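First to last, the protein sequences are chains A and B. Numbering of the first sequence is given in our numbering, commencing with residue 1 and proceeding in unit increments. Numbering of the second sequence is given in our numbering, commencing with residue 1 and proceeding in unit increments.
Since the hints were made in silico from the structure, they are not lab data. Incorrect hints may appear among the rest.
Below, computed lysine-lysine pairings styled on DSS-like, alpha-carbon distance capped at 30 Å [to be verified]:
1) K18(B) x K152(A)
2) K409(B) x K64(A)
3) K66(A) x K333(B)
4) K127(A) x K18(B)
5) K66(A) x K409(B)
6) K131(A) x K228(B)
7) K64(A) x K18(B)
Please read all numbers here as calculations on a predicted model, not as lab measurements.
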Amino acid sequence: MYGKKKNTFTALSNVSFAVPDGEITAIVGKSGSGKSTLMHVMSGLDHVSEGAVLVNGENLSQMKQKNIDAFRAHQMSFIFQSFFVQGNETCYDNVSLPLEIANVSRKDRKAMIETALEAVEMSEKKKSKAKDLSGGQKQRLAIARAIVNRPKILFADEPTGNLDSTTGEHVEKLLFNYARKNNANLIVVTHDPDLAARCDRRIYVKDGKIEKMEGGKA
Amino acid sequence: MRRADILARAGRNLRQAKVRTLLTALAISVGAFTITLALAAGTGGKQYTDNLIKNNGDASSLTVVAKNSSQDSSGPKKYGANESNASQGLLGDADIKKIQSVAGVESVTPMYNVGATYMVGPNGDKYDTSISIKVDQTAVTLGAGTLAHNQPGTGSVVIPEDYVKPLGYGSDTSAIGKAITLHVDKTTIPGLPTEGKDMSFTIAAVSKKSDTVLHYQAEVLLSPADGKAIYDYQTPAQAANQYYGVNVRVASGTDVKTVQTTIEKKGDYQVFSLQDVQQVLFTFVNVVMGGAAGFGALAILASIFGIINTQYISVLERTQQIGLMKALGARRKDIGKLFRYEAAWVGFLGGLIGTVGALLVGLFNPMIAKALNLDKGTELLVFQPLTSVVLILALVLVAVLAGYFPSRKASRLDPIEALRVE
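Sequences and hints are given; from them, build the entire structure.
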């Protein structure tokens, strides 16, 4: 993958790297370093003014908005630091959202939602409102929502940032397990060196440029 | 996203803001309520008017009188220039023939002026009476007995309810089939002693007062044939065959209006039809209905701003949800639809509440009839299911249009910005 971003100020420049299938990649940097922008560009949420983002040979930056949306609905998913689960909805409805967006029929959704909730050990909370959950449970719910449609690329923006270390480890294990089992890409944006250390590769970003890269899947 | 899924999600979102949804819907329901009631009152008013007309006249009958020369704008006519009876304010046999020749005219009956000096019932007491000939087929509200074509047959009469007791018949029903005697004098000029004779009739029916009859007159109704007999007996030969008017029956299936204009063109005639009256009354009902519906429309206009406001607040509140949906691949039009469908639900709810409220008011129909002293069973509010369905659908459409700007704001939100909101 290769990305560049210019705005009124240049957020990213000269950023060029490739991520092979199944790699767990950490994008490490301080806040304001451009790591979040890099994630937005890679997921097609943001556009590059120069350069290209290629996924399986397809140029994301030249695709129509409609196709980018479809691509995100079927191939990608997100985990956020502050969970972004819908408090007023049940866990079931929260997990159902990406499937509805991807036009999966009501009949097929049921089994997929149940499998995803089971994978994050939240089956018995199916009918609970998301606002009644603890922080760790909310993030597990967010993971269920992220993996329910079996995405090939999973973006996690500071997934453990709002959690204590034990819960954080649990969440991390769930994410890593999903990526390993499904040969999916997990791209973790973090400033936590311990979490980054457990990833296959670490890309250090500073002032919109790649400072250094470590590791990498063979 | 599938329409059904968006619709379900829109419904769930509204349930999460119950009070706000209800208040917005109530604002719309005020308009729906007013319009439904206005239309119901209009329909009821027209039905009532229709009823009123039927009870006060016969739609297929026309009344023809001679045109009064004072109504002519062309100035006075030279004496002898016009030989027609019509110029003297009376109609003659020539006029009857003329009118009879108009296509669509079934029969022409002259309106004879007749009078009776007194009437006598079984108890032998003499009473003053007024008699009249039933030339048209206007409906008569009956207390007892039956009438074919709303006219008494030859040799029989209809007497008013008020006459039953004084004449000594006991009750309305027991009067049917009994005899009544009318004394008629040869001249109708009062004060001069003249010869007269008793005529006996059978009572065919007893008429009674009804609220829908505008001018009920307590009088004995005679058949046209008997009326003519009395007229021939009473009227001096030199005044014979001159009538102040004739009643024209229009054949069924013929347009009354056409016949009316044709007769008017035939000579100096003035023709009155019940349709003229009906049109005036309907116009009145329509104006009242339109006015009330207009107020309802204003209420709906005001509620549109309520919907827009509520939806804008909703977009602001749910920025994060919108951002998440977009990040998960929801398309602009999906987000737009979500908010428009929410507005549609609000419109539907408002329409439903207003319509049901108006229907509940309809339950007071008997009380309204009583308060206005109308006949029992009269319904002034008549609801039509189709109108309600159309109204609710229209409100849904109005709500969707009102939700357009907020939904556009939602669909244009930048997901990155939206997800930055904590």
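(message) Going through the numbered hints above, which ones does this structure break? Give me the numbers in ascending order.
(response) 1, 6 and 7
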